[in-house]
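> Taken in sequence, the protein lines are chains L and C. The first sequence begins at 1 in UniProt numbering and counts up by one. The second sequence begins at 1 in UniProt numbering and counts up by one.
None of these hints come from the bench; they were simulated from the model. Idealized CB from N, CA, C, for every residue including glycine. Treat the hints loosely; a few may be bogus.
What the hints assert, rightly or not - Pair by pair, the computed Cβ-Cβ distance ranges are:
# : chain 1 : residue 1 : chain 2 : residue 2 : range
1 : C       : Glu-400   : L       : Glu-310   : 38 to 46 Å
2 : C       : Thr-398   : L       : Asp-373   : 54 to 62 Å
3 : L       : Lys-78    : C       : Asn-350   : 25 to 33 Å
4 : L       : Asn-98    : C       : Glu-396   : 58 to 66 Å
5 : L       : Lys-379   : C       : Glu-45    : 32 to 40 Å
6 : L       : Ser-301   : C       : Glu-351   : 41 to 49 Å
Stated by the list, open to error - Simulated pairs of lysine-lysine, DSSO-like, Cα-Cα distance not exceeding 30 Å:
#  : chain 1 : residue 1 : chain 2 : residue 2
7  : L       : Lys-315   : C       : Lys-382
8  : L       : Lys-304   : L       : Lys-370
9  : C       : Lys-116   : L       : Lys-116
10 : L       : Lys-414   : C       : Lys-414
11 : C       : Lys-414   : L       : Lys-116
There are 2 protein chains.
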Amino acid sequence: MKIKDVFTKSLIFLILFMTTMVVDGQNLDALALSYAKDSFDELYEFFSLPNDANDPSEIEPNVKWCERAFKQRGFNTKRLETETVPLLLASRSFPNANKTVLVYLQVDGQPVDSTKWFQPNPYIPVLKTQNAQGNWDIIPWSHLQGDINPDWRIFSRSASDARGPDMMFLKAMDILNDLDVQPNFNIKVIMDFEEELGSPQLPNAVKAYKEELKADMLVIFDGPRHLSNAPTLVYGARGIATISLEVFGPRVPLHSGNYGNYAPNPAMKLSQLLSGMWFDDGRVAIPRWYDGIIISDEVKSVLKQVPDDEPQIQKNFGIASTDNIGSNFQEAMQYPALGILGLKAAWVGNERRTIIPATAIAELNIRLVKETDGEHMVKLVKDYIQDQGYYLVDHEPTEEERMSHNKIARFNAKVSYGAYRTDFDTEIGAWLRRGMYSAFGHEPIQIRTGGGSIPISPFVITLGIPAVAVPTVNPDNNQHSPNENIRLGNYIDGIKTITAILMEKL
Amino acid sequence: MKIKDVFTKSLIFLILFMTTMVVDGQNLDALALSYAKDSFDELYEFFSLPNDANDPSEIEPNVKWCERAFKQRGFNTKRLETETVPLLLASRSFPNANKTVLVYLQVDGQPVDSTKWFQPNPYIPVLKTQNAQGNWDIIPWSHLQGDINPDWRIFSRSASDARGPDMMFLKAMDILNDLDVQPNFNIKVIMDFEEELGSPQLPNAVKAYKEELKADMLVIFDGPRHLSNAPTLVYGARGIATISLEVFGPRVPLHSGNYGNYAPNPAMKLSQLLSGMWFDDGRVAIPRWYDGIIISDEVKSVLKQVPDDEPQIQKNFGIASTDNIGSNFQEAMQYPALGILGLKAAWVGNERRTIIPATAIAELNIRLVKETDGEHMVKLVKDYIQDQGYYLVDHEPTEEERMSHNKIARFNAKVSYGAYRTDFDTEIGAWLRRGMYSAFGHEPIQIRTGGGSIPISPFVITLGIPAVAVPTVNPDNNQHSPNENIRLGNYIDGIKTITAILMEKL
Numbered sequence: 001m002k003i004k005d006v007f008t009k010s011l012i013f014l015i016l017f018m019t020t021m022v023v024d025g026q027n028l029d030a031l032a033l034s035y036a037k038d039s040f041d042e043l044y045e046f047f048s049l050p051n052d053a054n055d056p057s058e059i060e061p062n063v064k065w066c067e068r069a070f071k072q073r074g075f076n077t078k079r080l081e082t083e084t085v086p087l088l089l090a091s092r093s094f095p096n097a098n099k100t101v102l103v104y105l106q107v108d109g110q111p112v113d114s115t116k117w118f119q120p121n122p123y124i125p126v127l128k129t130q131n132a133q134g135n136w137d138i139i140p141w142s143h144l145q146g147d148i149n150p151d152w153r154i155f156s157r158s159a160s161d162a163r164g165p166d167m168m169f170l171k172a173m174d175i176l177n178d179l180d181v182q183p184n185f186n187i188k189v190i191m192d193f194e195e196e197l198g199s200p201q202l203p204n205a206v207k208a209y210k211e212e213l214k215a216d217m218l219v220i221f222d223g224p225r226h227l228s229n230a231p232t233l234v235y236g237a238r239g240i241a242t243i244s245l246e247v248f249g250p251r252v253p254l255h256s257g258n259y260g261n262y263a264p265n266p267a268m269k270l271s272q273l274l275s276g277m278w279f280d281d282g283r284v285a286i287p288r289w290y291d292g293i294i295i296s297d298e299v300k301s302v303l304k305q306v307p308d309d310e311p312q313i314q315k316n317f318g319i320a321s322t323d324n325i326g327s328n329f330q331e332a333m334q335y336p337a338l339g340i341l342g343l344k345a346a347w348v349g350n351e352r353r354t355i356i357p358a359t360a361i362a363e364l365n366i367r368l369v370k371e372t373d374g375e376h377m378v379k380l381v382k383d384y385i386q387d388q389g390y391y392l393v394d395h396e397p398t399e400e401e402r403m404s405h406n407k408i409a410r411f412n413a414k415v416s417y418g419a420y421r422t423d424f425d426t427e428i429g430a431w432l433r434r435g436m437y438s439a440f441g442h443e444p445i446q447i448r449t450g451g452g453s454i455p456i457s458p459f460v461i462t463l464g465i466p467a468v469a470v471p472t473v474n475p476d477n478n479q480h481s482p483n484e485n486i487r488l489g490n491y492i493d494g495i496k497t498i499t500a501i502l503m504e505k506l
Numbered sequence: 001m002k003i004k005d006v007f008t009k010s011l012i013f014l015i016l017f018m019t020t021m022v023v024d025g026q027n028l029d030a031l032a033l034s035y036a037k038d039s040f041d042e043l044y045e046f047f048s049l050p051n052d053a054n055d056p057s058e059i060e061p062n063v064k065w066c067e068r069a070f071k072q073r074g075f076n077t078k079r080l081e082t083e084t085v086p087l088l089l090a091s092r093s094f095p096n097a098n099k100t101v102l103v104y105l106q107v108d109g110q111p112v113d114s115t116k117w118f119q120p121n122p123y124i125p126v127l128k129t130q131n132a133q134g135n136w137d138i139i140p141w142s143h144l145q146g147d148i149n150p151d152w153r154i155f156s157r158s159a160s161d162a163r164g165p166d167m168m169f170l171k172a173m174d175i176l177n178d179l180d181v182q183p184n185f186n187i188k189v190i191m192d193f194e195e196e197l198g199s200p201q202l203p204n205a206v207k208a209y210k211e212e213l214k215a216d217m218l219v220i221f222d223g224p225r226h227l228s229n230a231p232t233l234v235y236g237a238r239g240i241a242t243i244s245l246e247v248f249g250p251r252v253p254l255h256s257g258n259y260g261n262y263a264p265n266p267a268m269k270l271s272q273l274l275s276g277m278w279f280d281d282g283r284v285a286i287p288r289w290y291d292g293i294i295i296s297d298e299v300k301s302v303l304k305q306v307p308d309d310e311p312q313i314q315k316n317f318g319i320a321s322t323d324n325i326g327s328n329f330q331e332a333m334q335y336p337a338l339g340i341l342g343l344k345a346a347w348v349g350n351e352r353r354t355i356i357p358a359t360a361i362a363e364l365n366i367r368l369v370k371e372t373d374g375e376h377m378v379k380l381v382k383d384y385i386q387d388q389g390y391y392l393v394d395h396e397p398t399e400e401e402r403m404s405h406n407k408i409a410r411f412n413a414k415v416s417y418g419a420y421r422t423d424f425d426t427e428i429g430a431w432l433r434r435g436m437y438s439a440f441g442h443e444p445i446q447i448r449t450g451g452g453s454i455p456i457s458p459f460v461i462t463l464g465i466p467a468v469a470v471p472t473v474n475p476d477n478n479q480h481s482p483n484e485n486i487r488l489g490n491y492i493d494g495i496k497t498i499t500a501i502l503m504e505k506l
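All chains should be built: construct the whole structure from the sequences, respecting the hints.
In structure tokens form, the structure reads like this:
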């Protein structure tokens with residue numbers, strides 16, 4: 001044990017002694033701060049592991065790291081093998097437990113484009129402070145051992161999504177271990193290393209390992225808090241399906257002068273095809289898209305209780321108006337969304353060439369809600385495209401296909417997983433609300449459906465258990481974008497939140 | 001003089017002696033072949049110079065190379081300085097001349113994407129032969145010193161567009177020099193090192209150096225022959241203007257789940273904006289686009305004489321139908337075109353991220369005809385975009401602009417140069433036809449307006465002279481695309497063509 005550790009631990013027990021061993025919200029603050037400071041070496045090591053599951057070789061070191069970290073906290077670990085990389089299950093039983101809580105953690109991260117990060121390497125975490133101009137300046141990592149400003153942030157890929165929450169959970173377990181607190185429930189932790197790929201192996205794995213994963217409820221430590229950054233519980237999430245669409249033009253790019261007005265332009269065709277999928281105000285124009293969604297007055301009033309500051313949201317995003325779906329932000333998330341993730345045809349900017357592109361690509365995603373089945377929604381899009389006269393292939397068109405169809409496109413779709421939604425009025429809801437109350441002294445904000453997707457419906461469906469997410473990270477964390485970060489105040493609060501929940505009797 | 005050179009020259013004079021020194025089409029064939037073989041070392045050196053004018057440092061070695069090559073052929077050279085890289089003027093007078101022919105040559109090339117070339121380096125030329133499967137295999141460069149198959153090709157950036165023609169001109173001058181043929185006109189050669197950038201400095205340079213450039217007519221040795229690969233003259237070319245259009249969404253990319261259905265998607269907006277610019281059949285839908293273009297029955301019949309094999313063109317391109325502009329390919333080129341050169345929003349393919357992009361970019365070009373002024377056509381596009389409710393900027397929008405406009409786009413346009421068109425029935429037309437007849441024994445195909453753009457209108461307008469292009473390279477040369485090449489048969493025929501023209505009395 002290092003000197004620093006001895007000092008830290010002594011401080012904690014001193015705090016507990018002075019407060020006659022009662023762990024309340026205030027003591028939790030001191031504990032969480034102390035354990036956060038204690039965590040930064042381990043965090044630095046963890047955050048420095050590249051974790052883009054597009055390259056499976058990056059994942060193995062992450063699995064190993066998690067195995068070691070959980071074993072150190074008294075868990076048994078088991079790799080749940082799949083066709084690609086494994087899931088990792090860490091289990092720990094407690095003497096007085098009569099229920100089992102399954103915890104979902106995500107370990108992999110989105111790909112990085114290093115050129116857009118304002119730091120040497122997106123996988124080497126840096127500590128930053130915001131200057132008077134609103135920009136973020138790097139400060140020495142060693143500042144984390146002095147007085148911590150809760151508004152400082154650690155920048156690195158996955159800092160918030162979701163290795164920050166992973167570390168919070170580990171530190172909460174350290175607190176329980178050091179205080180010898182025994183939850184009255186067993187804990188199983190399932191770690192996903194392909195979340196950002198849409199967890200393609202997860203649905204089958206949950207079926208294959210149903211016995212190992214058996215539990216009474218599922219808690220997800222992932223996602224950003226409500227935009228006000230107040231403590232939050234999220235009772236559901238939208239599901240996700242993706243579509244890759246490529247419209248074919250001439251076999252090779254052609255000189256745009258020599259053949260412009262003659263050879264059809266696939267970028268023009270793609271624009272026209274996409275254009276008709278939406279009304280001008282952002283609502284999806286594909287027939288039957290919103291079928292089956294009914295937002296009752298009761299639900300509307302629940303949604304209105306969420307204290308969204310919409311003018312501020314729009315100001316943060318730099319947008320003068322929003323899509324016209326639902327009558328507020330929370331309502332918009334109750335509907336399925338169709339969005340363009342990316343477009344590409346030939347080259348732009350300095351790389352621009354005077355050509356008719358050979359193909360034009362759009363990547364789309366559908367965000368599903370509980371009422372909308374993924375395969376059905378993909379079919380609606382496919383039907384729409386075919387109704388526009390397109391001949392669809394799932395490969396490069398053959399010569400014969402090229403010569404017999406004016407409009408040819410490649411259409412590849414994948415439903416990753418559906419949505420889930422748990423009622424507020426459930427055992428898991430009540431337990432988590434009690435935990436949050438003990439940590440913060442007030443009720444959390446309760447969100448009916450978070451817009452983002454987490455691969456939870458396979459658990460909900462296959463294991464037949466309810467699920468609720470406890471998001472902890474700052475909403476402005478640049479999740480999925482360059483310069484992802486976690487606010488230290490949120491990191492510390494996150495340790496507190498998880499500790500309070502794990503200490504709460506079920 | 002190398003042994004090889006001595007042998008070559010001896011062979012030529014033997015040929016000329018045997019044919020009593022009459023240089024007719026058949027003798028020209030032997031001369032052109034011999035001088036082509038003689039040229040490959042010099043060609044290899046020339047083609048190996050990177051020449052992307054986006055990087056001006058690549059251009060200086062090209063200017064130096066041309067200075068040396070023209071001085072070796074008895075020309076005086078002068079750099080015509082501009083704000084960026086110079087133009088190069090090479091001049092040579094002849095005793096019996098009473099007219100001056102200005103020759104336009106292009107030296108720079110399109111950018112390269114090395115990953116799409118099937119050879120180690122797009123700037124290191126390779127010799128290839130087509131195999132039974134239709135693919136091109138590299139064969140040793142030394143094969144060029146044995147029996148040459150005219151269907152072999154040299155692959156490298158600018159092989160056809162347009163350093164092949166530059167080499168043909170130099171070799172034609174070698175033939176004239178070796179045979180001591182004196183044209184009855186002076187020759188001025190103007191070399192352009194920014195053609196692929198749209199020759200931004202050229203219009204002002206032609207004005208500034210009007211005296212130096214003074215001539216009676218302009219011949220352009222650039223461009224592909226008619227698609228039948230038969231000898232061709234081109235009496236006009238479309239002009240070009242470019243537009244860079246960027247639709248703004250949220251200030252940074254947002255999580256497509258967390259904010260899909262709420263934050264407007266700029267890729268969707270761009271698709272809708274572009275979509276309305278065309279009818280489904282490829283005709284431009286922007287009001288007044290085709291105003292002023294009248295194709296008379298007489299012109300239609302001239303256009304019909306061009307032996308286009310349209311089913312074959314479409315088969316080559318792998319397209320089942322064409323845009324519906326004019327009633328055939330030649331007619332389509334008499335109209336202004338609007339085309340998408342490239343699209344980009346966020347990422348696609350393996351780099352796809354589940355985000356709402358921050359911006360979406362389209363690069364467009366307008367191909368102008370003689371009847372359509374560039375600034376006017378750009379204004380039609382701009383008016384159209386504004387009529388769709390867009391607030392246009394030429395910079396990143398300010399916070400205030402973002403918060404006060406739903407639809408904001410950056411619009412940057414540039415008119416490079418207009419179209420030109422010379423009547424068939426002119427002195428330059430008659431002279432070039434005579435030259436072509438002496439080389440090939442039949443009339444060339446005559447094209448009223450080539451679709452591609454060459455920066456000729458500044459000469460036509462400022463110097464008040466007619467211009468005609470003599471294209472020589474194979475039409476299937478992959479100009480502006482990866483794997484650009486020149487067919488050896490065309491290279492040799494090109495030397496013959498230029499030699500015959502320069503030998504023809506004016």
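> All hints, please: hold or fail.
Now for the hints, and whether the structure bears them out:
no., hint, in the structure
1, C:Glu-400 / L:Glu-310: 38 to 46 Å, "violated, 19 Å"
2, C:Thr-398 / L:Asp-373: 54 to 62 Å, "violated, 44 Å"
3, L:Lys-78 / C:Asn-350: 25 to 33 Å, "holds, 31 Å"
4, L:Asn-98 / C:Glu-396: 58 to 66 Å, "holds, 60 Å"
5, L:Lys-379 / C:Glu-45: 32 to 40 Å, "violated, 60 Å"
6, L:Ser-301 / C:Glu-351: 41 to 49 Å, "holds, 43 Å"
7, L:Lys-315 / C:Lys-382, "holds, 28 Å"
8, L:Lys-304 / L:Lys-370, "holds, 20 Å"
9, C:Lys-116 / L:Lys-116, "holds, 25 Å"
10, L:Lys-414 / C:Lys-414, "violated, 42 Å"
11, C:Lys-414 / L:Lys-116, "holds, 29 Å"
Taken one by one, the earlier hints fail for this structure at numbers 1, 2, 5 and 10, listed in ascending order.
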